[in-house]
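> One letter stands for each residue in the lines below.
2 protein chains.
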Amino acid sequence: MQQPRSTSTSNSKVILFDVNETLLDMSKLKNALIKAFNNKAAFQQWFGLLLQYSLVDTVTNHYHDFRTIGDAALDMTAAMLQERTLKSAEKHKLLALMTELPAHKDVPDGLKMLAKAGYSLVALTNSTRSVLDEQLRYADIIHYFEQGLSVDDQRRYKPQLDVYHTAARQAGAEPASAILVAAHGWDIAGALHAGLAAGFIARKGQTLYPLAPSPTYQGKTLPEVAKQIIDKKAPQRP
Amino acid sequence: MQQPRSTSTSNSKVILFDVNETLLDMSKLKNALIKAFNNKAAFQQWFGLLLQYSLVDTVTNHYHDFRTIGDAALDMTAAMLQERTLKSAEKHKLLALMTELPAHKDVPDGLKMLAKAGYSLVALTNSTRSVLDEQLRYADIIHYFEQGLSVDDQRRYKPQLDVYHTAARQAGAEPASAILVAAHGWDIAGALHAGLAAGFIARKGQTLYPLAPSPTYQGKTLPEVAKQIIDKKAPQRP
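Here the protein sequences line up with chains W and H, keeping their order. Sequence positions in the first sequence follow the UniProt record's numbering and run 1 to 238. Sequence positions in the second sequence follow the UniProt record's numbering and run 1 to 238.
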């Protein structure tokens, strides 16, 4: 998987994929966090803070990479749940699990269907490019992707609208002809407001934002969403 | 407490106060949420989603008032914790508790100290003005405040930097001569990045954002923070 290139035509069928929870199963990290803090709410608290503070950075015109905010969010999680603060080595070990996550079982089949149908598959993540590469390589799905894009290049986080516009163009498509596939309501809301089509995978415990437009496609697995995308041939936009 | 006015001089000593958790004790709402979902993590999950999605709205150039997002966040909380979805009437009853919260016990003394020292006290909240008025009246602290300001006028949420700039000026002060007092790390980060001074009250389970500058003042109660503000006379800024 190489750096962004722009060899695709503007007519290309581009699908941008969110990575964490959408393609990768975070259970391993979830269980390790629950164990480390001895608190069942630890993972949701940590991941919620990570997402919230990536937006705090964005609206205050500051930037730290996702891993750095993830490290800070571990300390905030300890304080907010009133559990013990983890040592540096413990935090390092937990955050390293981010690059050792398996793909959800349905993911390879879904990616295969879309690649076979002629779609250009591109990863678009809040993590850095080097973490992204490690993640896709570990999960053994990197060969499906033409490109890997990170918000790190733009130094502001999804769902800021420019991130989707720039990513679509880096993938060789106009935003209106690109599709984002994600398992998070905030990502779907961002893509739709940015003018892309969007496919929601309802992973366990994930939900749409009720105040955003409905996703163009939705299902419980990637193959379900992929089938809808392929059957409609192109996203149905008003 | 009237609508924003601009009779103060630019030399006035203005303190902007966050409201929820900073001045008001949210335990009543917290316990009701835990009971409604039968899940100990319910309040943290809900309030985290409320804050996260207020920023999702802000970065996608959309706006819904805080109560509307709070209602949506109740549905999202049910989905994410995999608990039952609340009925409309249950949600209404829970959200009504937002306007029936007592002040933290230390708050009246702290407000009295600051008013006596000649500071102009102004509330600045992510809630609407009408909710704010009800909250301060119920908590019996409304008489300490010269003004009540809501992000609702600007249709974007704290910690977006313009919100602090505009609020300081509405209160008759330049941002650099105003102070924000809050119990949330994201609010302190926003105020400092916007050029205000900031006082952090470390309420139980609240914490600073480790990647933001340190607050100008901090303590466990409002009187502790108030004493620091008064002793230094004016915020110490580089």
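Simulated from the structure, these hints should not be mistaken for lab results. Just so it is clear, the structure is predicted and the values come from calculations on it, not from any experiment. Careful: at least some of the hints might be erroneous.
One copy or two, either will do: identical chains are not told apart, so a pair holds if it fits within one copy or between any two.
DSS-like, lysine-lysine: derived pairs with alpha carbons at most 30 Å apart [said to hold, decoys possible]:
hint: 1; residue 1: K116; residue 2: K30
hint: 2; residue 1: K93; residue 2: K40
hint: 3; residue 1: K30; residue 2: K232
hint: 4; residue 1: K232; residue 2: K40
hint: 5; residue 1: K227; residue 2: K204
hint: 6; residue 1: K87; residue 2: K13
hint: 7; residue 1: K91; residue 2: K220
hint: 8; residue 1: K35; residue 2: K116
hint: 9; residue 1: K105; residue 2: K232
hint: 10; residue 1: K204; residue 2: K35
hint: 11; residue 1: K13; residue 2: K93
hint: 12; residue 1: K87; residue 2: K220
hint: 13; residue 1: K91; residue 2: K105
hint: 14; residue 1: K28; residue 2: K40
hint: 15; residue 1: K112; residue 2: K30
hint: 16; residue 1: K116; residue 2: K227
hint: 17; residue 1: K91; residue 2: K232
hint: 18; residue 1: K204; residue 2: K40
hint: 19; residue 1: K28; residue 2: K232
hint: 20; residue 1: K105; residue 2: K204
hint: 21; residue 1: K13; residue 2: K40
hint: 22; residue 1: K116; residue 2: K204
> Each hint needs a verdict: does it hold in this structure or not?
Status of each hint after checking the structure:
1. For the identical chains of this complex, K116 and K30 are neighbours neither inside a copy (33 Å) nor across copies (50 Å), given an alpha-carbon limit of 30 Å.
2. In this homomeric assembly, K93 and K40 come within 30 Å of each other (Cα to Cα) both inside a single copy, at 19 Å, and across copies, at 27 Å.
3. Taking identical chains as interchangeable, the C-alpha atoms of K30 and K232 are never at most 30 Å apart, the minima being 36 Å within one chain and 46 Å between chains.
4. With identical chains, the CA atoms of K232 and K40 are never at most 30 Å apart, being 41 Å at best within one copy and 43 Å at best between copies.
5. Taking identical chains as interchangeable, the C-alpha atoms of K227 and K204 lie at most 30 Å apart only when both belong to the same chain, with a minimum of 20 Å there against 49 Å between chains.
6. Proximity of K87 and K13 under a CA criterion of 30 Å is satisfied in neither setting, with 46 Å inside one chain copy and 42 Å between copies.
7. In this assembly of identical chains, K91 and K220 lie within 30 Å of each other by CA distance solely across copies; the values are 27 Å between and 32 Å within a copy.
8. Taking identical chains as interchangeable, the C-alpha atoms of K35 and K116 are never at most 30 Å apart, the minima being 41 Å within one chain and 50 Å between chains.
9. For the homomeric pair K105 and K232, the shortest alpha-carbon distance inside one copy (25 Å) is at most 30 Å, but the shortest distance between copies (60 Å) is not.
10. Both within a single protomer and between protomers do K204 and K35 lie at most 30 Å apart by alpha-carbon distance, with minima of 20 Å and 23 Å respectively.
11. When the C-alpha separation of K13 and K93 is checked against a cutoff of 30 Å, the pair qualifies neither within a copy, at 39 Å, nor between copies, at 48 Å.
12. Within a single copy, K87 and K220 get their C-alpha atoms only as close as 38 Å, which misses the 30 Å cut-off; across copies the closest is 25 Å, which meets it.
13. In this homomeric assembly, K91 and K105 come within 30 Å of each other (Cα to Cα) only inside a single copy, at 28 Å, whereas the closest approach across copies is 36 Å.
14. Taking CA atoms no more than 30 Å apart as the test, K28 paired with K40 passes in both settings, with 14 Å inside one copy and 23 Å between copies.
15. For the identical chains of this complex, K112 and K30 are intra-copy neighbours only, at 28 Å inside a copy versus 46 Å across copies, given an alpha-carbon limit of 30 Å.
16. In the homo-oligomer, the alpha carbons of K116 and K227 lie at most 30 Å apart inside one protomer (12 Å), although the nearest pairing across protomers, at 68 Å, exceeds that limit.
17. In this homomeric assembly, K91 and K232 never come within 30 Å of each other (Cα to Cα): the closest approach is 45 Å inside a single copy and 38 Å across copies.
18. In this assembly of identical chains, the alpha carbons of K204 and K40 lie at most 30 Å apart whether taken from the same copy (16 Å) or from different copies (19 Å).
19. In the homo-oligomer, the alpha carbons of K28 and K232 never lie at most 30 Å apart, since the shortest distance is 35 Å inside one protomer and 50 Å across protomers.
20. For the homomeric pair K105 and K204, the shortest alpha-carbon distance inside one copy (13 Å) is at most 30 Å, but the shortest distance between copies (41 Å) is not.
21. In this assembly of identical chains, the alpha carbons of K13 and K40 never lie at most 30 Å apart, being 41 Å within a copy and 45 Å across copies at closest.
22. For the identical chains of this complex, K116 and K204 are intra-copy neighbours only, at 27 Å inside a copy versus 54 Å across copies, given an alpha-carbon limit of 30 Å.
Hints 1, 3, 4, 6, 8, 11, 17, 19, 21 from the list above are not met by this structure, while the remaining hints are.
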